[in-house]
Amino acid sequence: MVADADIAALDATPSGRARAQAAGSARRWRGVGLGLIVPVIAAVGWEFFVRAGLSDGRLVPPPSRIVETFSNLAATGELTRHTAATVLRVAVGFGLGAAAGTLFGAIAGYSALARSLVDPTLQALRAIPSIAWVPLFILWLGIFEASKVALIAVGVFFPVYLGVMAAIASVDRKIVEVGRIFRLTGPAMVRRILLPAVLPSFVVSLRAGLGLGWMFVVAAEFMGAAEGLGYLLVDGQQLGKPTQIVAAIVAFAILGKTTDWILVAITAPFLRWEDVVAHGEAR
Amino acid sequence: MLVLENIGKTYSNGVRALDGVSLTVPIGEIVVVVGGSGCGKSTLLRLVSGLDRPTDGRIVLDGEQITAPHEKIGMVFQEPRLLPWLTVADNVGFGLQARPREERDERVAAQVARVGLADKAGVWPRELSGGQAQRAALARALVTRPEVLLLDEPFSALDAFTRTDLQDHLLDLWHDGEPTLVVVTHDVDEAIVLADRIVVMRPRPGRIAAEIAVALPRPRDRESAAWDAVKRQVLAALHGAREGAREKATEDGGAMWW
Numbered sequence: 019m020v021a022d023a024d025i026a027a028l029d030a031t032p033s034g035r036a037r038a039q040a041a042g043s044a045r046r047w048r049g050v051g052l053g054l055i056v057p058v059i060a061a062v063g064w065e066f067f068v069r070a071g072l073s074d075g076r077l078v079p080p081p082s083r084i085v086e087t088f089s090n091l092a093a094t095g096e097l098t099r100h101t102a103a104t105v106l107r108v109a110v111g112f113g114l115g116a117a118a119g120t121l122f123g124a125i126a127g128y129s130a131l132a133r134s135l136v137d138p139t140l141q142a143l144r145a146i147p148s149i150a151w152v153p154l155f156i157l158w159l160g161i162f163e164a165s166k167v168a169l170i171a172v173g174v175f176f177p178v179y180l181g182v183m184a185a186i187a188s189v190d191r192k193i194v195e196v197g198r199i200f201r202l203t204g205p206a207m208v209r210r211i212l213l214p215a216v217l218p219s220f221v222v223s224l225r226a227g228l229g230l231g232w233m234f235v236v237a238a239e240f241m242g243a244a245e246g247l248g249y250l251l252v253d254g255q256q257l258g259k260p261t262q263i264v265a266a267i268v269a270f271a272i273l274g275k276t277t278d279w280i281l282v283a284i285t286a287p288f289l290r291w292e293d294v295v296a297h298g299e300a301r
Numbered sequence: 003m004l005v006l007e008n009i010g011k012t013y014s015n016g017v018r019a020l021d022g023v024s025l026t027v028p029i030g031e032i033v034v035v036v037g038g039s040g041c042g043k044s045t046l047l048r049l050v051s052g053l054d055r056p057t058d059g060r061i062v063l064d065g066e067q068i069t070a071p072h073e074k075i076g077m078v079f080q081e082p083r084l085l086p087w088l089t090v091a092d093n094v095g096f097g098l099q100a101r102p103r104e105e106r107d108e109r110v111a112a113q114v115a116r117v118g119l120a121d122k123a124g125v126w127p128r129e130l131s132g133g134q135a136q137r138a139a140l141a142r143a144l145v146t147r148p149e150v151l152l153l154d155e156p157f158s159a160l161d162a163f164t165r166t167d168l169q170d171h172l173l174d175l176w177h178d179g180e181p182t183l184v185v186v187t188h189d190v191d192e193a194i195v196l197a198d199r200i201v202v203m204r205p206r207p208g209r210i211a212a213e214i215a216v217a218l219p220r221p222r223d224r225e226s227a228a229w230d231a232v233k234r235q236v237l238a239a240l241h242g243a244r245e246g247a248r249e250k251a252t253e254d255g256g257a258m259w260w
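Taken in sequence, the protein lines are chains Y and U. Going by my numbering, 51 is the number at position 33 of the first sequence; the sequence numbering is gapless. Going by my numbering, 70 is the number at position 68 of the second sequence; the sequence numbering is gapless.
For reference, chain Y alone in the conformation it holds in the complex (with noise of 0.2 Å):
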């Protein structure tokens, strides 16, 4: 009892913990301000670079000019169609790759059988670059936005299914026995045992397959597309407007990494109990 209540002294007094969250935010912020230094004296640097003449910054262009095309492409609204369509074909193309990976990735990691069956092939498909689909694709979907979703959700599709069916597989036995010890039925096993457990690694392994969503609409975009960020790349190189490339690129980092903190914000709410060591200087 004399230990418990140490650690409980230890642990729980409030402004204890109120004093480390504080601790933590001030900590977080100075990374993001450490992480900042570097890009951002590289723009400025750049923009002056190019406004004292010393370079015409046609091929590599300052801040400035990417901000001025950014903001003509907007006032146009060429931005939001082009960033819609992109966005849409990603959504589309992760959501099926992510629901087909889970299912499959569920399935397999559930049944030693079903892995036996369906793993071996899965793994020589996965060995494929998945780029080389394309002329496939094209020939059976076309060359609108079947064939270009497809190739989305197969690039999404891999590290789903992989992190799905590795954490299904290493669910804790011990803590299965407490589902059975409690009667668990079949689908209540996996809502109440099964589906939290693995969660932690679901997340993760859908940031990976939304990264790879984001590399692939790329590829796709680039194989004939009349709309997108990825036409916008292309155009800018075929027009000679590196201006737009840039843009393009910098809409693609801001995307991605908004996608990405989204992903993570919805689901942070159901990992708090996750006793990690990010967590641990919050706490």
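Calculated from the structure, these hints are not laboratory results. Backbone N, C-alpha and C fix where the C-beta goes; we use that ideal spot for every residue, glycine too. Any given hint could be a false lead.
Said to hold, decoys possible - Just the calculated beta-carbon pair ranges, DEER-fashion:
id : chain 1 : residue 1 : chain 2 : residue 2 : range
1  : U       : D178      : Y       : A117      : 29 to 37 Å
2  : Y       : V222      : U       : A159      : 26 to 34 Å
3  : U       : A162      : Y       : V136      : 33 to 41 Å
4  : U       : A162      : Y       : G204      : 55 to 63 Å
5  : Y       : V222      : U       : S158      : 51 to 59 Å
6  : U       : V17       : Y       : Q141      : 30 to 38 Å
7  : Y       : A118      : U       : A120      : 56 to 64 Å
To be verified - Which stretches of chain U does chain Y cover? Using the computed rule of at least three CB atoms under 8 Å from a CB of chain Y, they are:
id : segment
8  : 67-77
9  : 82-96
With chain Y held as given, fit chain U onto it using these hints.
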């Protein structure tokens, strides 16, 4: 009444873990099973819990054969096995999911307070000490008011001080509903403080070597001469079981089997 009829268990790898174990436990009795590792005592408990099924014989509770986990049988494992994604209160209420919300909240709150964790009800299991976590596990098993509670070396991972405390606490909790307790341990003192009856097991295959009734008045004085007498009796039975095992298995170096 819990009845074990000639139980035997052979694992799929051919190991005979239990052989011809028969035991009758009336309602409310506290039976403690002692023996060294490998004598099948944990296997025995898993069979009674319904997690595993015996190869031979039958386990019958109140005339009903046990072939799968049963609502009248609760289990506390060696580790707390709390679900890390549920708060302490939700862990305790895990087995009450089918009950109406109000009744569940009420029973959980009462049980959490009963094991002394009222101030910890809303925290995650990771914030509990080992002793607190095991008390939460006890509460989770007791809140469904089982007729039989099985405990598999429940306090063996705790320090000596916390262990003694939890043994007394378990006896206190037992008075609430006086369930049948079947406790597995390798700690002779733990057996004597808890048991109405001590069942000593011998290994290879696991069988019952001796049964010792413990008639000491409660609360039991760990310093008394009567305690020492029971302890000598249990140790002698364990020793006899060991000797018996040694005669059977001199070649495989099984002398230090506990």
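Results for each hint:
no.	hint	in the structure
1	U:D178 / Y:A117: 29 to 37 Å	violated, 48 Å
2	Y:V222 / U:A159: 26 to 34 Å	holds, 31 Å
3	U:A162 / Y:V136: 33 to 41 Å	violated, 52 Å
4	U:A162 / Y:G204: 55 to 63 Å	violated, 43 Å
5	Y:V222 / U:S158: 51 to 59 Å	violated, 35 Å
6	U:V17 / Y:Q141: 30 to 38 Å	holds, 35 Å
7	Y:A118 / U:A120: 56 to 64 Å	violated, 47 Å
8	67-77	holds (count 6)
9	82-96	holds (count 6)
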